[in-house]
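Using this note's numbering, read the sequence shown as starting at 128 and increasing by one per residue.
In short, the hints are calculated from the structure, not lab data. Idealized CB from N, CA, C, for every residue including glycine. All the given hints hold, so there is nothing to weed out.
Between beta-carbon pairs, the in silico distance windows are:
(1) Ser169 with Asp141: 32 to 38 Å
(2) Gln290 with Val336: 25 to 31 Å
(3) Lys513 with Ser460: 17 to 23 Å
(4) Asn487 with Ser169: 32 to 38 Å
(5) Leu331 with Ser397: 23 to 29 Å
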Amino acid sequence: MRAVEIELLTSGRDGDFPILLEAIVKNSADAHEQQQEAIPLSDVKRAVFRSDKEQQVVVNRRLDNVPVDLLRLDVDPSLFGVDGDSRYVATSAADSASSERWKSADQLGGAVAGLVAAADIHPNVREHLSAFLAGSLPSFSLDDIFGEDTQTFCRAAVGVIRQHHDGQGQDGNMLLEELVVTLGKAGMPSDEVRAFGTRMASILSSDEVRKRGSLSDKKNVLLRALSLLVQRPSLDEILADRVAGELPGPQVLLIAATLAGLRDGLARLSSERKSRHADALGQITAGVENEAMDVERLREMISKALAHAIPGRSSEAQTRPSNSVVLEICPFSKPAIVRRALADIALMPPTWRLILSDDNTLCLQIDGAGEDDVVAAKLKRMEWSKRPGKPRKTQTAKSMAPVNDEAMLPGLIGAGASGTVD
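Could you put the whole structure together from the sequences, leaning on the hints where they help?
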C-alpha cells in the first residue's frame with residue numbers, strides 16, 4: 128500500500144490505520160481493475176498489519192462482524208508506505224449507488240440471519256422452512272422480501288420495514304402508525320387494520336396485556352407477526368418472547384424474526400446470531416452488494432445453510448461434525464422435559480446444541496465431545512428427565528406451602544431464551 132493511499136484511506140485521523148487483506152480471486156478479471164466492494168470472509172487468506180501494536184488492537188477487540196480467531200493475522204511493515212501515486216479515489220459517481228447496495232445487502236443478510244436464528248433456536252419453526260423457501264407458505268415467503276410490488280399485504284409491510292433499516296430499539300408507535308396506513312392503502316380490510324392498530328396501541332401503552340394464544344398461527348398470521356415486531360425492538364427480544372411461558376406460533380415467529388433481521392440489519396446483530404453461519408451470510412451479503420444475487424440463488428444458499436434443519440434435506444452424517452455425539456432426550460411431545468431443557472439454554476457450553484430429529488425427538492448434540500463432555504451431558508439429561516421432587520420436611524422445619532412448578536416455568540424459560548438452540 129502506497130503512502131498517499133494510506134493518507135487517503137485514514138484521512139489522517141488519530142487511531143485509524145490500514146489493513147491489507149489477501150483474498151482469493153475467483154474470476155479472470157485483471158487484479159488492477161475495479162475491486163469488489165465486499166468479499167466473503169471465507170475468501171480472505173490473511174490480514175496484514177503495519178506493526179505488532181496495530182495487530183493487537185484487532186486481536187484484543189471483540190468484533191461482531193469479524194471472528195478474528197478464524198483469520199491468519201500477519202505483520203509486514205514492508206508492504207506499507209511505499210512510493211507512488213494513488214491507485215484509488217476518495218469519491219466516485221457511484222458512491223450513492225454503492226451505499227444503496229450496501230444497505231440492501233445489510234438488510235437481506237439480517238433477514239436471513241433472523242430466519243436462521245429462529246430455525247436454530249426453536250425446532251418447531253423448521254416444519255415451515257421448505258414452504259417458506261419454495262414460496263408456498265400462504266402468510267409470507269422469501270419472494271416477498273425481493274418483490275417490488277407493494278400492492279400485496281406482505282410486500283407492503285416489507286416496504287415499511289425497509290424504511291426502518293437500522294431501527295433497532297426504535298419507538299414501536301412510529302412503526303405501528305406507518306404499518307396501519309400502508310396496509311390500509313394496500314387494500315387490507317379496514318376493520319382488520321383498525322382492530323390491529325387499536326389493540327397494538329393499547330398494548331404499547333400498557334392498557335392491555337397479551338393473553339395465551341394471542342400469537343398462535345391462527346387468523347391473520349402476518350398481522351400477528353407484525354404485532355410482535357412492533358412490541359419488540361430487536362431480533363433477540365423477538366426470539367425470547369413468551370406469553371405466560373407459551374411460544375409464538377412457528378409461522379408467526381418465522382415471519383417476525385425474518386422481518387426483525389431485515390429491520391435491524393446484519394451489522395447490528397450480535398455475533399451470537401451470525402457466527403454459526405458466518406460463511407453463508409458473508410457470501411449472501413457480498414453477492415447482493417456486488418449485484419450477483421437473485422432470489423433463486425438466495426433460495427439455494429439458504430437451503431444449504433439450513434440443510435440440518437429442513438426435514439429430508441440431508442443426512443445427519445453430512446451435517447454433523449465427525450467428532451460430535453448426539454444424546455436423545457425425549458419426544459418433543461413431552462412438554463415438561465422439553466421446558467426444563469429449554470430453560471437451561473443460556474447455561475449450556477457453546478459446544479452443546481439442542482436439535483430436533485426427523486422423528487420429532489429432542490436431542491442434545493455435543494460438538495468436539497470428549498469423555499468428560501459426554502458424562503456431563505448424560506448427567507444433565509438425567510436432571511431434565513427427573514420430576515421435581517418435593518422438599519423434605521425435618522423435625523425443626525416449618526411446614527411449607529406446596530409450590531406449583533408450572534407457575535415457575537415461564538420465568539425459567541424467559542431466563543434461558545437468549546442461548547442458542549438447534
